[in-house]
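Residue strings, one per chain:
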Amino acid sequence: MKRTWIYISVVFFLALFQWGLSPYANAYWLQIINMIGINALLAISLNLIMGHTGQFSLGHAGFMALGGYTSAAITVYGGSWGIPVPVLFIGALFLGGVFAAIVSLFVGIPTLRLKGDYLAIATLGLGEIIRVIILNVDFVGGARGFTDIPEYANFFWIFTLLLAAILFLSRLVYSNKGLAFLAVRDDEIAASSIGLNPVKYKIAAFVIGAFWAGIAGGLFAHLNTYLHTNSFTFLRSIEVVAMVVLGGMGSISGSLLSATVLTVLPEFLRVASEARMIIYALLLVLMMILRPYGLLGKREFKWMKKL
Amino acid sequence: MAFFETKNCSITFGGLKALTDINLTLNAGEILGVIGPNGAGKTTFFNLITGVYEPSDGDLFLEGKKLNQLSATERSQMGIARTFQNIRLFAGLTVAEQVQVASLQGFKAGFYESILQTKKYGLKVDEVNKNMAELLGLFDLNHLANTPAIDLSYGDQRRLEIVRALATNPKLLLLDEPAAGMNATEKKTLVSLIQKIHQEFKLTLILIEHDMSVVMSLCPRIVVLDYGVAIAEGSPAEIRSNPKVIEAYLGEVIDA
Chain A
1 MKRTWIYISV VFFLALFQWG LSPYANAYWL QIINMIGINA LLAISLNLIM GHTGQFSLGH
61 AGFMALGGYT SAAITVYGGS WGIPVPVLFI GALFLGGVFA AIVSLFVGIP TLRLKGDYLA
121 IATLGLGEII RVIILNVDFV GGARGFTDIP EYANFFWIFT LLLAAILFLS RLVYSNKGLA
181 FLAVRDDEIA ASSIGLNPVK YKIAAFVIGA FWAGIAGGLF AHLNTYLHTN SFTFLRSIEV
241 VAMVVLGGMG SISGSLLSAT VLTVLPEFLR VASEARMIIY ALLLVLMMIL RPYGLLGKRE
301 FKWMKKL
Chain B
1001 MAFFETKNCS ITFGGLKALT DINLTLNAGE ILGVIGPNGA GKTTFFNLIT GVYEPSDGDL
1061 FLEGKKLNQL SATERSQMGI ARTFQNIRLF AGLTVAEQVQ VASLQGFKAG FYESILQTKK
1121 YGLKVDEVNK NMAELLGLFD LNHLANTPAI DLSYGDQRRL EIVRALATNP KLLLLDEPAA
1181 GMNATEKKTL VSLIQKIHQE FKLTLILIEH DMSVVMSLCP RIVVLDYGVA IAEGSPAEIR
1241 SNPKVIEAYL GEVIDA
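Protein chains in written order, with the numbering used here: chain A, 1 to 307; chain B, 1001 to 1256.
Read the hints as simulated data drawn from the structure, not as lab findings. Warning: the hint list may mix true and false statements.
To be verified - Computed beta-carbon distance windows for the label pairs:
hint	chain 1	residue 1	chain 2	residue 2	range
1	B	N1038	A	L265	48 to 58 Å
2	A	I129	B	T1189	52 to 62 Å
3	B	D1021	A	V285	54 to 64 Å
4	A	I109	B	S1192	39 to 49 Å
5	A	L284	B	S1056	25 to 35 Å
6	A	N230	B	F1013	48 to 58 Å
7	A	W303	B	K1130	25 to 35 Å
Stated by the list, open to error - Facing chain A, from chain B, some residues (calculated, C-beta under 7 Å):
hint	residue
8	Q1069
9	A1072
10	S1076
11	Q1077
12	M1078
13	Q1085
14	R1088
15	F1090
16	L1093
17	E1097
18	Q1100
19	I1115
20	N1129
This structure is a prediction, so every number in the text was calculated from the model and none was measured. The beta-carbon is built from N, C-alpha and C at its ideal position, and this holds for glycine as well.
All chains, please: the whole structure from these sequences, using the hints.
In structure tokens:
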């Protein structure tokens, strides 16, 4: 019960900041903080697939796009249904996540029998297929991009949902059930010898990861009010992979930390103008040399396992 | 009805016959030793029983139920557990976690109960932990519960694999060279431990082992494999004096 009160008060303070302070905050930095939240959501959801279950997936931008476009389509075309805005928005986000999860289920069943490199290629292809299909659907703007999406997402919603995702994923992974994901990652043969079905757990991780990526996509859509498939190329997937690897595979805390670092870093590097992305890349290389297992390795902050 | 049975089981890899027409019957509670030279097909035989390989020919039965089409996962759920010759512990998990994850089959609390952390979930966790402490205590591994399993000594890792297999609550336990890499004292303790768990958990055991003192003191019945063929079956005394076995595996006794 004590924990529940802590979570409620955190949400209360998030609301206080949103409606009390944010009108006075620097809009530029507020936008960056919001992007940290969305990237963190992407990173911890991919961390479940890559870090905890050991499946190398390059399709995360695709799932993000599915969630983003689905939820945006609902709020844009459903605006006239007379549903109260918060209900419409949360419902749209949820359905976006569910749609991404359903697609990942249908794709996961055949592809998760593949291992390592093969799975990476298959999910890479999947991400691109999703992108190209959306590019050709006129209903959601096609090549022009999807405009006039209502600006429903804000600091409060992004961080409340991030909190929910952290709770969900941490409890999942650090419960007794969650040990099964780690077991499958470490040794599939031994995992099946103790009665766990590796394919089942790999698919579960994939679907849950896709769900939260879809939610992140929905938040992204309703924050920027505009979607274009160029935001969801495989480079976006690589960016999320970099966050997971840099933070430490299998560490939720690490993913949160590196999502923050990798979102803020390019902004600080704006002073370097043209050399910006070169320095960014160099810093990435340097960090991986100095800390080959990522910022935190497999370690977690102490409280992370007790949420 | 026999507890466990293989009927004319063969496994072929391409042109290679790894196992040929294995016929074996085990009664509940028996301890069977499997010996033979390297490459004789002993581990392949274990892989056949646990479902890593499907038989190319023949049938397997556990308590009258045909196993052929069942996956390794399903066979484990039916009560077949094993250890591995090349230790396969989960590298990222602690000693305690290896046992907890193996108890998941009996862990009926579902997915949403773990997320919501309901009362029922808490009770289940307590139950699993109590059971785990007992098992680890039996093998004298309790003080290492929070150590990463890969940091254990070789002998401790082998014993932890047995604990992990026991945590699945098996009826038939297959031990693949449990005494490998142990010194004489450790082997003696292991033999009495195996006898103890055999009694306490009412297990049927199949044991692959190269150390003859271990095999002879544990197994009333022994099967000898050579090039995938069961060349002899019988009591330790019969095996020791069987000329075929001496030629293929044991070697002649030289009078000093």
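Structure-based check of all given hints:
For the pair N1038 (chain B) and L265 (chain A), the beta carbons lie near 56 Å from each other, so the given range of 48 to 58 Å is met. At about 59 Å, the beta-carbon gap between I129 (chain A) and T1189 (chain B) stays in the expected band of 52 to 62 Å. A beta carbon spacing of about 59 Å between D1021 (chain B) and V285 (chain A) agrees with the range 54 to 64 Å that was offered as a hint. Distance hint check for I109 (chain A) and S1192 (chain B): the Cβ-Cβ separation is about 48 Å, which falls inside the suggested range of 39 to 49 Å.
Taking 25 to 35 Å as the suggested C-beta distance range, the pair L284 (chain A) and S1056 (chain B) does not conform, at roughly 51 Å. At roughly 50 Å, the beta carbons of N230 (chain A) and F1013 (chain B) sit within the given window of 48 to 58 Å. About 26 Å separates the C-beta atoms of W303 (chain A) and K1130 (chain B), a value consistent with the hinted range of 25 to 35 Å. Interface restraint check: Q1069 (chain B) against chain A, minimum CB-CB distance 15 Å, threshold 7 Å, status violated.
The beta carbon of A1072 (chain B) comes within 4 Å of a beta carbon in chain A, closer than 7 Å, and the hint placing it at the interface holds. The interface hint given for S1076 (chain B) is met, as the beta carbon of that residue sits about 4 Å from the closest beta carbon of chain A, less than 7 Å. Annotation: Q1077 (chain B) was flagged as interfacial toward chain A, and the flag holds, the nearest CB pair being 5 Å apart, inside 7 Å. Taken as an interface hint, M1078 (chain B) does not check out: its beta carbon lies about 9 Å from the nearest beta carbon of chain A, beyond 7 Å.
The closest approach between the C-beta of Q1085 (chain B) and any C-beta of chain A is roughly 12 Å, which is over the 7 Å cut-off, so the hint fails. Annotation: R1088 (chain B) was flagged as interfacial toward chain A, and the flag holds, the nearest CB pair being 4 Å apart, inside 7 Å. Taking 7 Å as the C-beta cut-off, the interface hint given for F1090 (chain B) holds, the closest approach to chain A being about 4 Å. The beta carbon of L1093 (chain B) is positioned within 7 Å of a beta carbon in chain A (closest approach about 6 Å), and the interface hint is therefore held.
Taken as an interface hint, E1097 (chain B) checks out: its beta carbon lies about 5 Å from the nearest beta carbon of chain A, inside 7 Å. Hint on Q1100 (chain B) holds. Least Cβ distance to chain A is approximately 6 Å, under the 7 Å limit. Because the smallest distance between the Cβ of I1115 (chain B) and any Cβ of chain A comes to about 5 Å, under 7 Å, the interface hint for this residue holds. With a least beta-carbon distance of about 9 Å to chain A, the hint placing N1129 (chain B) at the interface is violated under the 7 Å criterion.
Comparing the model with each earlier hint shows violations of hints 5, 8, 12, 13 and 20; every other hint is respected.
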